[in-house]
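**Student:** The residues making up each chain are set out below.
4 protein chains.
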Amino acid sequence: MPGFDHNERTAALLARLRSFMQEHIYPNEALYHRQVDEGGRWTRVPLVEELKTKAKAAGLWNLFLPHSDRGAGLSNLEYAPLCEEMGRVHFSSTVFNCAAPDTGNMETLERFGTEEHKRRWLQPLLDGKIRSAFAMTEPAVASCDATNIESSIVRDGDDYVINGRKWWISGVGEPDCALLIFMGKTDPAADRHKQQSMILIPRDTPGITVVRPMTVFGYDDAPHGHMEIVFDNVRVPATNLLLGEGRGFEIAQARLGPGRIHHCMRVIGMAERALEDMCSRVKTRVAFGKPLAEQGVIIERIANSRIMIDQARLLTLQAAHRMDQVGNKEARAEIAMIKVAAPNMACQVIDWAMQAHGAAGIGQDFVLAKHYANARKIRFADGPDEVHRHQLGRMELARHG
Amino acid sequence: MPGFDHNERTAALLARLRSFMQEHIYPNEALYHRQVDEGGRWTRVPLVEELKTKAKAAGLWNLFLPHSDRGAGLSNLEYAPLCEEMGRVHFSSTVFNCAAPDTGNMETLERFGTEEHKRRWLQPLLDGKIRSAFAMTEPAVASCDATNIESSIVRDGDDYVINGRKWWISGVGEPDCALLIFMGKTDPAADRHKQQSMILIPRDTPGITVVRPMTVFGYDDAPHGHMEIVFDNVRVPATNLLLGEGRGFEIAQARLGPGRIHHCMRVIGMAERALEDMCSRVKTRVAFGKPLAEQGVIIERIANSRIMIDQARLLTLQAAHRMDQVGNKEARAEIAMIKVAAPNMACQVIDWAMQAHGAAGIGQDFVLAKHYANARKIRFADGPDEVHRHQLGRMELARHG
Amino acid sequence: MPGFDHNERTAALLARLRSFMQEHIYPNEALYHRQVDEGGRWTRVPLVEELKTKAKAAGLWNLFLPHSDRGAGLSNLEYAPLCEEMGRVHFSSTVFNCAAPDTGNMETLERFGTEEHKRRWLQPLLDGKIRSAFAMTEPAVASCDATNIESSIVRDGDDYVINGRKWWISGVGEPDCALLIFMGKTDPAADRHKQQSMILIPRDTPGITVVRPMTVFGYDDAPHGHMEIVFDNVRVPATNLLLGEGRGFEIAQARLGPGRIHHCMRVIGMAERALEDMCSRVKTRVAFGKPLAEQGVIIERIANSRIMIDQARLLTLQAAHRMDQVGNKEARAEIAMIKVAAPNMACQVIDWAMQAHGAAGIGQDFVLAKHYANARKIRFADGPDEVHRHQLGRMELARHG
Amino acid sequence: MPGFDHNERTAALLARLRSFMQEHIYPNEALYHRQVDEGGRWTRVPLVEELKTKAKAAGLWNLFLPHSDRGAGLSNLEYAPLCEEMGRVHFSSTVFNCAAPDTGNMETLERFGTEEHKRRWLQPLLDGKIRSAFAMTEPAVASCDATNIESSIVRDGDDYVINGRKWWISGVGEPDCALLIFMGKTDPAADRHKQQSMILIPRDTPGITVVRPMTVFGYDDAPHGHMEIVFDNVRVPATNLLLGEGRGFEIAQARLGPGRIHHCMRVIGMAERALEDMCSRVKTRVAFGKPLAEQGVIIERIANSRIMIDQARLLTLQAAHRMDQVGNKEARAEIAMIKVAAPNMACQVIDWAMQAHGAAGIGQDFVLAKHYANARKIRFADGPDEVHRHQLGRMELARHG
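Residue numbers (our numbering), protein chains in the order written: chain A, 1 to 401; chain B, 1 to 401; chain C, 1 to 401; chain D, 1 to 401.
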């Protein structure tokens, strides 16, 4: 059947996911934040632990991993609508063990890890017993150009010794974070794309100092967190290196495609929820003699939101479809497109929804401001809009004789 | 197969259509305009007549009519990419007998005409022997609200007598225009949506005066033309009325869906061509020491154009798919969405392409300015953006409890 | 002299203000935040107290109050550039005793207070000994329409008794906040604009409960704060009523003009600083082989920022000039214009600056994200964009016969 | 007096100009177009000749020339509002002898011409007896970069011989066009900005062939016209060279400032008129049960138009003021700003006005579509937006440490 209507398998999972969210997630959003506060922000959230057990029992677990028998076996296109649904509540991805950066890390370990890596790290991650982080961005350089990375990974006997300063390392705040996948340079003299390597660093290795949590607008996103970290002579066995020296860039490229689809589908979920919130709000508020819902400017924004969301969703599904058909590398134009289109769309739709809520829209009683901050962050994550547009524009130019 | 990849039938037709255009249409664009000038603008264009014969012979004829054995039997989704292709050259739709308003008129006659109507008007239209027009818009009222229509259709014995002033009646300039489908009021006292009727008026009926061609920006679009016409006691047999008195609004609604898909796919074709023109142009122009193609702002616009075109195309294909699945009426939200999204997108992409061409971009050596004018016109045709957004916004509001 | 070049008086004050900020404010931005944290957020900030003394000594005090011998005697036009300068650092307005809502409250007391009100509240406010708040917005209704206000002010003998729930009451977090000017209804049965009154409520009156601070994109803006407050049978002497029953709307209107100029000039200061930050940043960051400062898209945004800032500043100065010439009421179209134009401009310019900073742009090491949140908030404060556009559009329509 | 309120002199001239336009220009707009048609498009328009006499008699003549006793002696700032007024009707500038490119040519002759040049060409231009053109843009190169110009001016004894192809040469259609100021290269081997020279070419010199009029969105702008011209061994006396060999670029720079102010003020006039048209139209049109003037989206656009026009006008007046104060060269950032801001603003405002008119908006019964085409053209004229933004962005970057 043509189009992007859900197939039976996706439709069934989506129905199950939605009813789980209705029953267990939405009613507990306030409780989640209360538990984070009560726990002092950087501790395990009891609610999440309970819900993870329930989600696993409901068969809503590890839905993200395509082309592997370790996950649910869904294609990118099949997973996409489920990912959108999870995006509506920021902590729900964790409940279903589908949260970044664990997903990208699991995919990296699945594709490029040794059997020992899989045994020690992938399996506990798949089981939801540990969490992980991905240490790439550095404060001193424009990290959108991965060749700028300055941290060092130096061979010393049977070990590698790691030095550097990273920041915006998401997930290090999680009390269960046990593993960092670290990107640095093994050979600064090599070819531009062969200098970098990736290495596995257990969280409890000596020499790792968390300097501070970065804030996103004013949010610390506890207990997940986006940390600034100093690595001072951190020593790990040489077997922790992924694939081999100089292959870091290659691994980075491989992990980006699915991660971008996920980011995009989640922000589409945020936008869809914002539109629903906007519609509900404007029906109940009266100003200057009539409900906001009858005011032309509001109706126009609702219409434009619907158009923009549907366009971004179709483009993202098309990118997922292409990834399934021709692989991540061949689909890179499509992936670049959605990485620009989806978060920008979401920022606009959420902004309109905030405006329709009055001051409440930027406060803590609605998810809007938090979601705006998240969607705005996605405009940098995995490369800023400008880099994607530049690459996309050059691909397009190359197509025309 | 999921997605909107072409099925075999469409792929084959598209390949044939493209090679026809490469061979017969693009090389003759300048000749077309020369013949229009040489013929005094409002006469038959010999080139078009020749190409019609060739197109019919190539099996590229009447591709538009879905769900009927009179056309090529394509679904809306199958026809859409062909329609996009034709949109790249404004006179090519005529070559393939797929031009508005004939298409809408043929569909109207097919769905609502009597056997006699079909014999006398539909068959010659399908054969490309005559052309037709659709007389709805009036200068005196806001015609986006069809209930505003003021022209009268009054029963007088076995005839109806028609009076009124219409404008922007496209196609009346064609020397072969033989039929007007006319919308007017048979009963101004009836319910708001039951006052209107549609009636067939032979072009040569006494009382029809073409006042002047309207211009679109500075284009008269000869020989097609957009005419202002006075109907002064125009008398036709009562059997010319379609369906019955008071059913004009219903017929108008029915014809709009496919027409909007066609408009949208054609403007997408214009946008795609503009993007190609922009890419070609910027590679050959140097300013301030480097080709425009290496300047960041240009690359950004090319990237944004690609994103915007692909989003609009996917949305339009989705609307076509929905029309095929659930019918024009159920798909009205999707149709409203594309009617807003596609021409606005095209105006922006073409505008960027014009800007990249310098002054040449708004002149007669490229199709850009003409296509801009056409795409801009589509933002009014079949209802302005604002009406579609308003209806769409209200549908969306109604979906949320 | 034509134009908005500074006159001598303004030029001299501006020079003094700038050197004060260079010497005392910019170098202490980090210290300010550290002291807020160390003080537990809702306590007096020692730095601010020291700087207030210095500012008073430097003659940089109460610059805001036009047409009064109690302030510096500057016109709105003369004060505007000073206000812009203060906007560059959010706590600096407080240092110069020019912070909202104190400024609006002082102006209200100056224009509408009794001698006793002035003695008890205005003088200590002018001296910077106490702070104040303005309690208008309510959670239950769309407060952009002031007639929606539901809180009650009921006469009871020689007192008024106040009940209601307010939120986003800025400044109540300040430990020195001693006064609330409260808007409520004295007569719900009166004419639509005669139902409201304003009354002075000492902060320590029994029955006032601060429920919680509201957050602005995650920021609590401590120690200023934006509080939700319950007023439960709060009793004050009848003499605390301003002007008389039913005159609340009139007072609200009068206070809005200058407050809007101030808001706008401050956000222009934020935008100007963001542009400076953007320019500095892009010179020091290299990506894909050249500094960001040489990349076309960045240069274009810098140019557009300059154009947008200068336009918004000129429009705001024009509004200030009109207020000085013809009064706040006659200048209401100009005031509505800037209220829309300035914060929207600032949001866009700051957003570009954030994007040029990469992830750092939304974190705590730059003022950008905080300023974005503030500018975004101004799009609601004193009425959302939509209300101002609506009123402005109607005024414009009324001008054309 | 601060601000940009008109001084007495400007106010008096503006009042006189407005009443002239009310009496003689607006009532004759249709007649103008009829006479152009009746005259076969490329002939003298009797109406214009009559009105020129009247305008001269009314003291509304040569208002544009600043800092010279040959014109009205107005500063740029004083002339600006008059220029805006003329912009409302495209042929009115000619009536007041204030039309481009004559104005720029007169200013060039005044500043850089010899006494003989002034006697032979400047005086008849000032008297309105002849018209002129400025031949710079070439089809073969990106002329926004003046160093790309390829036409040659070669010394041959006491003459120069000119060869080249120019297009978009405005005003050559005028039957009274007697002079072309031509830009070409005298020394392609010289420094990049010293290769060009300017030379005076009498229109009737042998070797000049007008190839065709270029169209602007379908408009030929007859009888003014934008011509493509071949110069084939056109020979003029060496004394026709302006200033000296290699000084063409310098002259080009000098003439641009005032021309850009004029362009900008005229498009502001177009925008202001479009806004008036929009307001009038929406009051008289009813759709879906209420006048367009009561529909929120329309009101919002009217408000945004007012904001955008006022901002662009203030910015342009500020640029004029700076030119008067510090000279064209020092004011180049301000001039670049308005060159971007004003025509883009006008395109948007006119587009909204067109949309509010329905199909009528793009036809010949309103000036909107023609004005849109003109304003759109200004986005290229004297350099496209992109070049101005690039220069402005670099100036801004240079300001910051």
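These aren't lab readings, by the way, just hints derived from the structure by calculation.
The C-beta atom is built at its ideal place from N, Cα and C for all residues, glycine as well.
Check before you lean on any hint, since a few could be wrong.
Said to hold, decoys possible - Just a sample of chain D residues kept apart from chain A, beta carbon distances all over 10 Å, derived:
{"no.": "1", "residue": "Q22"}
{"no.": "2", "residue": "A30"}
{"no.": "3", "residue": "A58"}
{"no.": "4", "residue": "H90"}
{"no.": "5", "residue": "A178"}
{"no.": "6", "residue": "V211"}
{"no.": "7", "residue": "R247"}
{"no.": "8", "residue": "A254"}
{"no.": "9", "residue": "G289"}
{"no.": "10", "residue": "G296"}
{"no.": "11", "residue": "I299"}
Unchecked claim - Cβ pair distances, simulated, as ranges:
{"no.": "12", "chain 1": "D", "residue 1": "M395", "chain 2": "A", "residue 2": "T43", "range": "51 to 57 Å"}
{"no.": "13", "chain 1": "C", "residue 1": "V230", "chain 2": "A", "residue 2": "R44", "range": "31 to 37 Å"}
{"no.": "14", "chain 1": "C", "residue 1": "G207", "chain 2": "B", "residue 2": "V326", "range": "46 to 52 Å"}
{"no.": "15", "chain 1": "C", "residue 1": "P27", "chain 2": "A", "residue 2": "E150", "range": "26 to 32 Å"}
{"no.": "16", "chain 1": "C", "residue 1": "K290", "chain 2": "B", "residue 2": "R16", "range": "45 to 51 Å"}
{"no.": "17", "chain 1": "A", "residue 1": "G39", "chain 2": "C", "residue 2": "T43", "range": "22 to 28 Å"}
**Student:** If a hint holds in the structure, say so; if it does not, say that too.
**Tutor:** Evaluated hints:
With a least CB separation of 35 Å from chain A, Q22 (chain D) remains clear of the 10 Å interface cut-off, as annotated. With a cut of 10 Å on Cβ distances, A30 (chain D) stays outside the contact zone with chain A, its closest approach being about 35 Å. Consistency note on A58 (chain D): stated as away from chain A, and its beta-carbon is indeed over 10 Å from all of that chain's, at 45 Å minimum. Every Cβ of chain A is farther than 10 Å from the Cβ of H90 (chain D); the closest lies at roughly 33 Å, confirming the non-interface assignment.
Residue placement check: A178 (chain D) keeps its beta carbon more than 10 Å from all beta carbons of chain A (closest about 45 Å). Against chain A, the non-interface label of V211 (chain D) holds: every CB pair exceeds 10 Å, the least being about 29 Å. Listed as outside the interface, R247 (chain D) is consistent with that label: its C-beta sits roughly 38 Å from the nearest C-beta of chain A, beyond the 10 Å cut-off. Separation of A254 (chain D) from chain A is adequate, the least Cβ-Cβ distance of about 37 Å exceeding the 10 Å criterion.
Annotated as non-interface, G289 (chain D) keeps its C-beta farther than 10 Å from every C-beta of chain A; the closest such distance is 13 Å. For G296 (chain D), the non-interface assignment is contradicted: its Cβ lies about 3 Å from the closest Cβ of chain A, within the 10 Å cut-off. Not every Cβ of chain A is farther than 10 Å from the Cβ of I299 (chain D); the closest lies at roughly 8 Å, contradicting the non-interface assignment. Separated by about 53 Å at the C-beta atoms, M395 (chain D) and T43 (chain A) satisfy the suggested range of 51 to 57 Å.
Taking the beta carbon of each, V230 (chain C) and R44 (chain A) are about 35 Å apart, inside 31 to 37 Å as hinted. Hint check: G207 (chain C) to V326 (chain B), Cβ distance near 60 Å, so the stated range 46 to 52 Å is violated. For P27 (chain C) and E150 (chain A), the hinted distance range of 26 to 32 Å is satisfied, since their beta carbons lie about 29 Å from each other. Taking 45 to 51 Å as the suggested C-beta distance range, the pair K290 (chain C) and R16 (chain B) conforms, at roughly 47 Å.
The hint said 22 to 28 Å for the Cβ distance between G39 (chain A) and T43 (chain C), and at roughly 25 Å that hint holds.
Taken one by one, the earlier hints fail for this structure at numbers 10, 11, 14, listed in ascending order.
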